[in-house]
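Throw the hints in and build the complete structure from the sequences for me.
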Amino acid sequence: MLQINNLHASVDEKDILKGINLEVNPGEVHAIMGPNGSGKSTLAAVIAGKDEFEITKGEVTLHEEDISELDPEERAHKGVFLSFQYPVEIPGVTVTNFIKTAINESRKAQGQKEMPASEMLKRIKEKADLLEIDRKFLSRSLNEGFSGGEKKRNEIFQMAMMEPKLAILDETDSGLDIDALKIVANGVNKLKTKDNAVIVITHYQRLLDYIVPDFVHVLMNGKIVKSGTKELAYELEEKGYDWIKEELV
Amino acid sequence: MSLKEKLVSSYLAFEDHLEADSPIHDLRSEAIKSFETNGFPTKKDEAWKYTSLNKVLKEDYSLLPSMESKLDFNDVKKYFLHDVDTYKIVFIDGVYSSFLSETTHDGLDVCLLSAALSKDKYKPVIEAYFNKVAKAESLTNLNTAFAKEGAYIYIPKHKEVEKPIEIINFSTGNEAALLLQPRNLVVVGENAHVQVIERHQSLSSNAVFTNSVTEIFAEKRAYVDYYKIQNDAPSASLVDSTYIDQERDSICSVHTFSFGGNVTRNNLNFYQNGEHCDSILKGITIIEDKQHVDHNTLVHHIAPNCESHQDYKGIFDDSSVGVFNGKVYVEKEAQKLDAFQQNNNILASEKATINAKPQLEIFADDVRCSHGCTIGQLDEEALFYLRSRGIPQKEAKALLMYAFANNVLESVKIPELKKRINKLIATKIGVNLGFSL
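The listed protein sequences derive, respectively, from chains A and B. For the first sequence, the positions run 1 to 249 when the working numbering is used. For the second sequence, the positions run 250 to 686 when the working numbering is used.
The set of hints was computed from the structure by calculation and includes no laboratory data. Cβ atoms here follow ideal geometry from the backbone N, Cα and C, with glycine treated the same way. Be aware that one or more of the hints could be misleading.
[Claimed, not checked] Stretch-level coverage of chain A by chain B, calculated; a stretch enters the list once three of its residues show a Cβ under 8 Å from a Cβ in chain B:
hint, stretch
1, 23-29
2, 39-50
3, 101-111
4, 235-245
Here it is as structure tokens:
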């Protein structure tokens, strides 16, 4: 599904990603771990199409189509979803109106008609229940005055509504208490099918107890330096990253 | 002949038509003399540094319409808040239209200044209030000299006016170019409440220059909500000078929505004479092409324990020009003051300009005054967030602009008006946001 080959990316001529290779197939869950400043969030943003970053070498393909020149909205229309580490506040636009706009713009781009209001409402209700979101919450301005946990839950609610092929969760666990973490993880697991894939970016192994990865990759200094199965996450939790650095030397 | 010469020479003929014993006869004579000495403001005047009237003044304006014009309600319905019941004071080319208006004398006066100036029973009010808060500024003097028509609103004490009052000035284009000088007087008695919506609307592409003066008096505990809708034709220019005199415990708010016109200049002046006054000045400006909107505000704090809140948002596209000149003047006696001023601007094009000049002059030592001014582009991170949800760039920008202006709308107290402004903003930004606002 997603194929990243020798990806180099920079911002303001500073190299951040220095040759990433990653293959994600339908039905898989990949975890990307690594110390601060290793390039995890940059990788997420580059896949989603943030134009602040310049791809200097390599390619990103989705279903064998090169998407590296596409606008963020075009990538979204092809099924890429990024759950933000810091979701942006949009005063005056309610959660409901926002998600309606997002869904209908995506449908428009795919030549489909707008989703009938009754179907939209039904889905909103269903997905809000899945994430244990209070109805009142849906008529609040998007992310405005939301707690950290509410923001993250709202990101996964949007993911549930948009049903992406490839979801990238950028530090979705940060700012979550254990109950909220379970709800969010449970939501992600329920949305998992054999046709979609998830990339989980995290500092901590904690989230991976609930969203169990098929593969764990360690990102350091802009490169994936080690890959393994979920056991690697436990090892990292226990020993930190230094032993990998030593291994590399 | 320059416009100034034309005005000065026609003043004599104008005066001849009026009764010499008019209560404002002397004010008029003084005002025209002062205008003759000072003329129109130019960019050399500090307060007009960023706004030039030169081009506007070059037109050959008719000072009086040569014929009476009529309008069919259905053709102009959209300019009214037609889905709710309102009082209406409507002028067509400066002449009162009884057909489109809905005035009253039942427990309050919503009528014409011409009536108030000519009838004896209004004389005490005219003598007590007319031209008492307006300052002797050049264009205000010009208006005073020719003042004869406009809205007259008098709300006696303890009266809560149950429906909004709309003041609409239409110009039809029956004249090649027309100068209009409406003069409004609003007196709100002790503990009385009123909501007023004011609009100037040109219905053609002929040049119109409106030099409007409004005086508002808020007595003790009075509550005044005033809304100005400026969404005029590209050939229409407006200088709006509004002076508000507040007595203690009064709350006055003015919202100015500037979405179109040629040159628009708002001189908005608040004077707080008693304790515990609150003045609220809010504005949303969204303009493009070569439009020019200038907000020149003054809050003059004279008494202690008062508040003022200013919040102006501007979005400037193409080669449009915005000016924000916000002055807060705090007298020595105005202690324990809370004055807040906020001015945020988005430049949506490289050619757009904003001149922002906050001015605080504080002579008291125990006050809280804050001001913030920002000029920038749309937040890239927010834009990326929306686009990553599949919302195309154009719609995402519109959504952000809407969100940017939105908090000024929150304080609009008339729901139908809020809805209307919301729609105007959506149309203005040029996209269907996919949901009803």
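Structure versus earlier hints, numbers of those that do not hold, lowest first: Hint check: 1, 4 fail, others pass.
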